[in-house]
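Participant: With the hints as your guide, set chain B onto chain A.
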Amino acid sequence: MQQAAGNPRDLGPSVIGPGHDLGSVTDKITSIVLKRETPRGWWIGLGVCLSLAGVLLIAIVKLLADGVGVWGLNVPVGWGFAIINFVWWIGIGHAGTLISAILLLFRQEWRTSINRFAEAMTIFAVMCAGIFPLLHVGRPWLAYWLLPYPNTMALWPQFRSPLLWDVFAVSTYATVSLLFWYIGLIPDFATLRDRAKSKPFKVAYGMLALGWRGAARHWERYETAYLLLAGLATPLVVSVHTVVSFDFAVGIIPGWHATIMPPYFVAGAIYSGFAMVMTLAIPLRAVFGLKDFITMRHLQNMAKIILATDLIVAYGYAMEAFFAWYSGNKYESGMMWGRMVGPYWWAYWSLMLCNVAIPQLLWFKRVRSNVLVLFIICLIVNVGMWLERFVIVVTSLSRDFLPSSWDMYAGTKWDWMLYIGTIGLFGTLVFLFIRFLPMISIFEMRTLVPKSEAGTEASGFEEVE
Amino acid sequence: MKKPKPQSGDSFGYLAEFPDQHKLLDAIHTCRDAGYRKMEAYTPLPVHEVWEALGHTSPLAKLVLGGGITGALVGFGMQYYASAVHYPINIGGRPFNSWPSFIVITFEMTILFAALTAVFGMLALNGLPRPHHPVFDVPEFDNASRDRFFLLVPWYDPIYDRGHVEQLFDAMHPLSLNEVFHP
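Protein sequence lines, in the order shown, are assigned to chains A and B.
Under the numbering used here, residues 1 to 465 are what the first sequence spells out, in order.
Under the numbering used here, residues 466 to 648 are what the second sequence spells out, in order.
Honestly, the hints are just simulated from the structure, not real lab data.
Any given hint could turn out to be false.
Unchecked claim - With a cut-off of at most 20 Å between alpha-carbon atoms, the simulated DMTMM-like pairs for lysine to aspartate or glutamate come out as follows:
(1) A:197 <-> B:602
(2) B:503 <-> B:517
(3) A:202 <-> B:498
(4) A:291 <-> A:27
(5) A:28 <-> B:612
(6) A:202 <-> B:607
(7) A:35 <-> B:644
(8) A:197 <-> B:612
(9) B:470 <-> B:622
(10) A:197 <-> B:607
(11) A:199 <-> B:607
(12) A:197 <-> B:622
(13) A:202 <-> B:605
(14) B:488 <-> B:498
(15) A:28 <-> A:292
(16) A:28 <-> B:607
(17) A:330 <-> A:400
(18) B:527 <-> A:400
(19) B:488 <-> B:514
(20) A:202 <-> A:27
The following block holds chain A by itself, in its conformation from the complex (with noise of 0.2 Å):
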């Protein structure tokens, strides 16, 4: 990377636009938290999706007030859309960590301007996720007998099963991405406490600063403890969507029980994951003008990773077929013939066209230099990756060892509106991150600088759009 940074030419645009310094950086960055009025169009993005997360509350008392049977769940598809819903966003929030963790370690200096907003779609991300498996409980109010805890019951949860260690898989995977979050937050809480100008934001912000003033001695421990978290960081999120794909593969269901199931499942988390980054900062940038700090080098190298990461999940979907064949096994080659041909092939096909033909775009560079091609393919992406927990899940459990108990399933309404009401609660959450936090790490902006200022002298490339 240190030669990338000294030869831009060899990488295309470079990852910070020239003429800027320290405080040109800094002040950038927090004159989007901080100036006075809000743009119109926050207003009416934040309302859209509150309106959807109203949307949300009202599928939740409805299905508290009646039971789970509101949703379309019967025998023999006990798993549906929670289990769909609750994958999606899991891996959606993969690319957060991935972004800011294993890019860090890999020096992948480029990742600094969307380190923190992608490490925030995780934490949002994570939070819808976990919405489902809570409410598919039953009783959301009994979920803590998952958590081992001296009880009168003298019970222990089942630590052998797949469903017990996503449990602990995913609140550790919150509780790290949070910290990792809130450690990157605190040196830009204290630049925005001493850039506030109204009282309480002043106050606000300098409490989550904890009254960080940069001291030498605090940045050496800080970095040690951002690389830490980092390293550990990287392990934990392969584990995390492993451990989802355990769900499927512990169990013995057609389609289901196969090896190829946990880097499968990790590939299609951080494609879906840099899909979502992408569908978020590309409007982002052209609202906030930050084409600076978000160049076309990022889109590229974004679009370029979701490109690898889509090869993979191509390649999982060929085994999957192929060793439905090989095998011998009439269970396995009836499910692959029933997910082709059978009564779900249009989510069968779909999920290819969108999964496996069209990213097959993002070979041309011109495709990847044009944002809004860039922009449609990465909603088809988000669509793919939907269908592709759709198709594991439904057509596998549809059609069990007996054909006598064979049913069709769809969700209802109450299961589109749940679905629809977390999109709304991830946008509201976004929105509100947007404007009351720095969206863009200013300290680590400011590390970029030097550099970018040699780049830019030696090539004088100009940003290609």
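Facilitator: For chain B alone, kept in the frame of chain A given last:
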């Protein structure tokens, strides 16, 4: 030589402001050559050279290793105790201590404990949260979180002498020079 406990209004130290890290590093070296050992620098971004010049090292990494090992022991111990000691259930003669099934939770607990140690250890070693510090009384210090670099020679340095520090700093032509006082 033990210093007397400072009173409110006593000198806390001298704080000099510099425009970039090179000037700050020059100042650190000058002060070190003059015999000061307890200086503190304030920078808007992490700069390795600065804390190396000041001679800081922290035991945080070892603490985090300890946290991780504790997490692994707690995680595995909890599952072993529950499954083999407190409530053993014989299902078809399978072993009570089915350790391969316990790996995932042991791993997650390792990460959780290590991460909590990293975060709260860092805050504790840094003495944070600490809402107020005497350097915040200097108006120019607001820019320490923007684009300016500061060097403090504090009262607890063994050879701290107000007149000498002021003279030393003046010769470096800092952007600003302020005496800081105990609150």
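Participant: Please work out if residue 503 of chain B and residue 517 of chain B have their alpha carbons no farther apart than 20 Å.
Facilitator: holds (13 Å)
Participant: For residue 28 of chain A and residue 292 of chain A, compute the direct alpha-carbon distance and say whether it is at most 20 Å.
Facilitator: holds (10 Å)
Participant: Checking one constraint from the list: CA of residue 202 of chain A to CA of residue 498 of chain B, max 20 Å. Satisfied?
Facilitator: violated (40 Å)
Participant: Does the structure keep residue 28 of chain A and residue 612 of chain B at a Cα separation of 20 Å or less?
Facilitator: Holds, at roughly 13 Å.
Participant: Below or equal to 20 Å on CA atoms is what counts here, so check residue 199 of chain A against residue 607 of chain B.
Facilitator: Holds: residue 199 of chain A and residue 607 of chain B sit about 15 Å apart, inside 20 Å.
Participant: Holds or violated: residue 527 of chain B with residue 400 of chain A, Cα cutoff 20 Å?
Facilitator: violated (52 Å)
Participant: Straight-line Cα separation of residue 291 of chain A and residue 27 of chain A no greater than 20 Å?
Facilitator: The hint holds at about 15 Å.
Participant: Regarding the pair residue 202 of chain A and residue 607 of chain B, is the alpha-carbon distance no greater than 20 Å?
Facilitator: holds (12 Å)
Participant: Are residue 330 of chain A and residue 400 of chain A close enough, with their CA atoms no more than 20 Å apart?
Facilitator: holds (12 Å)
Participant: Compare the distance between the alpha carbons of residue 197 of chain A and residue 607 of chain B with 20 Å, and conclude whether the hinted pair is satisfied.
Facilitator: holds (12 Å)
Participant: Would the hint linking residue 488 of chain B and residue 514 of chain B be met if the CA-CA limit is 20 Å?
Facilitator: With a Cα-Cα distance of about 12 Å, the restraint between residue 488 of chain B and residue 514 of chain B holds, given a limit of 20 Å.
Participant: Does the alpha-carbon distance linking residue 202 of chain A and residue 27 of chain A stay inside the 20 Å limit?
Facilitator: holds (16 Å)
In this structure, the hints that do not hold are numbers 3, 7, 12 and 18, in rising order.
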